[in-house]
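One letter stands for each residue in the lines below.
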Amino acid sequence: MRDDRERFEASGAAVVLIGLGRPDQAGWFCTQHELPFTCVVQPDGSAHKAFGLRRGNVNQVTGPAVWLPWMRNQLTGKRQTAWRGMGDTAQLPGTFVVDTEGIVRYAYRSRRSSDIAPNDEVLAAVEEIRRRKAG
Amino acid sequence: MPKTNVQVGDPAPDATVLDPDDHELRLSSFWRDRPAVLAFLRHFG
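Chains as they are written, first to last, in the numbering used here: chain A, 1 to 135; chain B, 1 to 45.
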């Protein structure tokens, strides 16, 4: 998502990153990465649960399918910020697109920590909402 | 808030979150005027 920030900005959607942890950590993250997105937290994880996102097992969080992409990112310079003890590393991520009526139009629940929604799919869902509204 | 399995076509749960200044926000405030992309992360880092 970070790599496609211009495309997300151009989409006209409100992009909200929802993390676990403390509010000031969300502010630090958005500032540190100069993200044009909104960073918020839900400290007890109830928002994640409300959307059906679960905590992963050991293989989903630390298995080869997780650390191989991480290692590739390290080698190619797409380094992730060192973990600073924020949030819950066992929580599995997910991405949802919601229209202006509050209806979910796209749902992606990650099967492991390194599994994230393809940006093209997310942006296509936003575009479809805009097309429906215009048409 | 109970654990659910929200599907495409379902109403999105209107959870309360905190902004960096510790102010409470409803998720619905993000999709009121334009589509919202909600990316749930494990942690910020």
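These are computed hints drawn from the structure, not numbers from a lab.
Hints are supplied without guarantee of correctness; some may be wrong.
Taking beta-carbon pairs under 10 Å as the criterion, some of the chain A residues facing chain B (in silico) [what the hints assert, rightly or not]:
1. A26
2. G27
3. Q32
4. A47
5. F51
6. R111
Computed from a predicted model, the values in this text were never measured in an experiment.
All C-beta atoms in this analysis are idealised placements derived from N, C-alpha and C, irrespective of residue type, glycine included.
Next item on the list: Kindly indicate which numbered hints from before are broken by the structure, ordering the numbers from low to high.
Entry: Hint 6 is the one this structure does not satisfy, whereas the remaining hints hold.
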